[in-house]
Amino acid sequence: MSYKRKSMRTTKSGRKREKWTDLLPRYLTFISHMRPILRETRRIITNLDADLLMDIEILDTIRQEEEKRNIRKVRALSEFSAMYRSNVFEIIKDFIVKYRKNIQMIDIKDYIIEFLKESVDALNILSHITNPDETNLEKTYLYRLVKFIEEILFPRGINMKIIYKKLLEHSINFYECQRHLLQPHTFYREKINNPDFFEIPGISPVVYQIINNILSLYNLDPNFGEFPEKKNHEIPMILTNDVFLPYIDSIANAEEEAIEKIAERLGLRIIDGIFLAPQESFIEILLENNYLRKNKQADKNIRLIPQFSNETLILYYLAFASQRRGFLSKEMINWISMNFAFLIYMGILKWKLSDENIFYAIFKDLQTNEKILPYLMKLICFPNYLGLDKMKIRDSPQYRKEIFNFIGSQIDNLKDFINEIAIFCEKFENKKYIKS
1 MSYKRKSMRT TKSGRKREKW TDLLPRYLTF ISHMRPILRE TRRIITNLDA DLLMDIEILD
61 TIRQEEEKRN IRKVRALSEF SAMYRSNVFE IIKDFIVKYR KNIQMIDIKD YIIEFLKESV
121 DALNILSHIT NPDETNLEKT YLYRLVKFIE EILFPRGINM KIIYKKLLEH SINFYECQRH
181 LLQPHTFYRE KINNPDFFEI PGISPVVYQI INNILSLYNL DPNFGEFPEK KNHEIPMILT
241 NDVFLPYIDS IANAEEEAIE KIAERLGLRI IDGIFLAPQE SFIEILLENN YLRKNKQADK
301 NIRLIPQFSN ETLILYYLAF ASQRRGFLSK EMINWISMNF AFLIYMGILK WKLSDENIFY
361 AIFKDLQTNE KILPYLMKLI CFPNYLGLDK MKIRDSPQYR KEIFNFIGSQ IDNLKDFINE
421 IAIFCEKFEN KKYIKS
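Sequential numbering from 1 applies to the sequence shown in the working numbering.
Treat the hints as calculated values from the structure; they're not laboratory data.
Some hints here could point you the wrong way.
Quick list of in silico lysine-lysine cross-link-like pairs, DSSO-like style, CA-CA up to 30 Å [stated by the list, open to error]:
id: 1; residue 1: K147; residue 2: K19
id: 2; residue 1: K161; residue 2: K330
id: 3; residue 1: K231; residue 2: K161
id: 4; residue 1: K431; residue 2: K117
id: 5; residue 1: K294; residue 2: K261
id: 6; residue 1: K330; residue 2: K390
Between beta-carbon pairs, the in silico distance windows are [what the hints assert, rightly or not]:
id: 7; residue 1: L366; residue 2: I411; range: 16 to 22 Å
id: 8; residue 1: Y247; residue 2: K98; range: 50 to 56 Å
id: 9; residue 1: R100; residue 2: T135; range: 48 to 54 Å
id: 10; residue 1: I172; residue 2: D355; range: 25 to 31 Å
id: 11; residue 1: K392; residue 2: K93; range: 40 to 46 Å
Using N, Cα and C, we set each Cβ at its ideal position, and we do this for glycine too.
Construct the entire structure; sequences and hints are all you get.
Below, the structure written as structure tokens:
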């Protein structure tokens with residue numbers, strides 16, 4: 001009797017794991033339709049007599065004629081192209097109406113042509129941001145930009161001390177960005193009632209309050225107790241209940257394990273069941289960076305006195321998340337990859353577009369962002385880049401809109417970082433040009 005042996009492997013049903021060769025064409029899809037529209041518009045404006053631009057109805061006629069020429073497109077692409085072309089022409093019309101009484105039409109025409117040229121240049125970079133076969137990664141913008149941003153916001157290292165040191169070095173200029181990376185605006189979607197303790201979530205407003213309370217208690221009136229791993233040394237301690245009791249209902253229904261996990265992510269531990277004190281490995285980091293000051297007591301014991309700053313615990317949490325990036329929650333992965341994608345996208349725009357460019361708004365428009373950034377987010381998650389689980393990237397259009405809406409409310413420090421990324425792009429291009 002013959003029979004087919006049943007496979008012992010069990011696999012979860014769901015989406016298949018997308019490959020690089022699946023994702024890159026999707027990322028390029030809409031860019032490949034934006035660029036021809038801008039190039040063709042530039043050709044039209046170049047060939048149009050400047051005086052004819054006074055009559056903005058001519059632009060409407062030209063736009064309608066251009067739309068008739070575009071056939072045999074997938075509906076989504078057709079709708080996007082029509083929307084994009086319409087927006088481009090509306091921006092041009094508004095610019096003409098606003099300045100035609102103060103600026104000569106020949107100059108207005110030159111401005112429009114230059115703005116369109118800048119925009120096409122930006123799209124050229126975005127369309128050639130990486131190689132289809134992932135060869136020569138070090139020479140691609142995507143790889144170099146991810147590594148540049150990663151070193152400042154989410155660095156790698158063989159241990160926590162090295163990662164923390166890297167973060168601290170850059171916190172002088174970019175602490176607000178580092179903190180921003182830990183605070184997803186969609187934190188409320190995390191499963192608080194049944195937490196997976198192997199996953200590292202973002203810092204919710206409640207946890208942020210807890211961190212501030214811990215900092216205050218350590219700096220204002222800490223207790224001191226024996227350093228378990230080192231004789232004749234005393235370390236600062238605070239009462240666990242002073243910190244967590246007001247928030248018990250919000251951090252997993254008084255489960256002690258949840259408190260321990262929050263403490264672990266902040267470099268702390270619970271001693272004798274009632275005190276919150278720094279871990280031995282964290283004490284080394286704190287001493288090295290002057291967050292603990294040694295004070296010799298009358299009994300010859302050395303007391304480690306805390307002088308924490310806002311960065312002290314936040315950067316440890318960020319270093320902890322970076323070191324264990326394979327265990328980040330779904331919300332954290334979406335938030336981190338989205339911020340990286342946004343910074344790269346905006347850095348390239350800042351580099352290629354002048355501040356006066358009238359088409360800046362169309363690149364930052366939500367309808368444009370949600371066509372490009374989700375795929376860029378997934379590309380950034382691949383092992384050669386951030387090494388995050390791209391299967392956790394949400395594909396829901398509503399979710400995309402939700403997180404992209406929060407990008408609009410930029411913090412000033414994020415704008416400063418985008419400027420630095422633009423400068424890096426310029427240097428990288430010059431270096432490539434010189435070598436070639």
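Here's how the hints hold up against the structure:
no.	hint	in the structure
1	K147 with K19	holds (21 Å)
2	K161 with K330	holds (26 Å)
3	K231 with K161	holds (23 Å)
4	K431 with K117	holds (23 Å)
5	K294 with K261	holds (28 Å)
6	K330 with K390	holds (9 Å)
7	L366 with I411: 16 to 22 Å	holds (19 Å)
8	Y247 with K98: 50 to 56 Å	holds (53 Å)
9	R100 with T135: 48 to 54 Å	holds (50 Å)
10	I172 with D355: 25 to 31 Å	holds (26 Å)
11	K392 with K93: 40 to 46 Å	holds (43 Å)
Every hint, counting from the list given before, is met by this structure.
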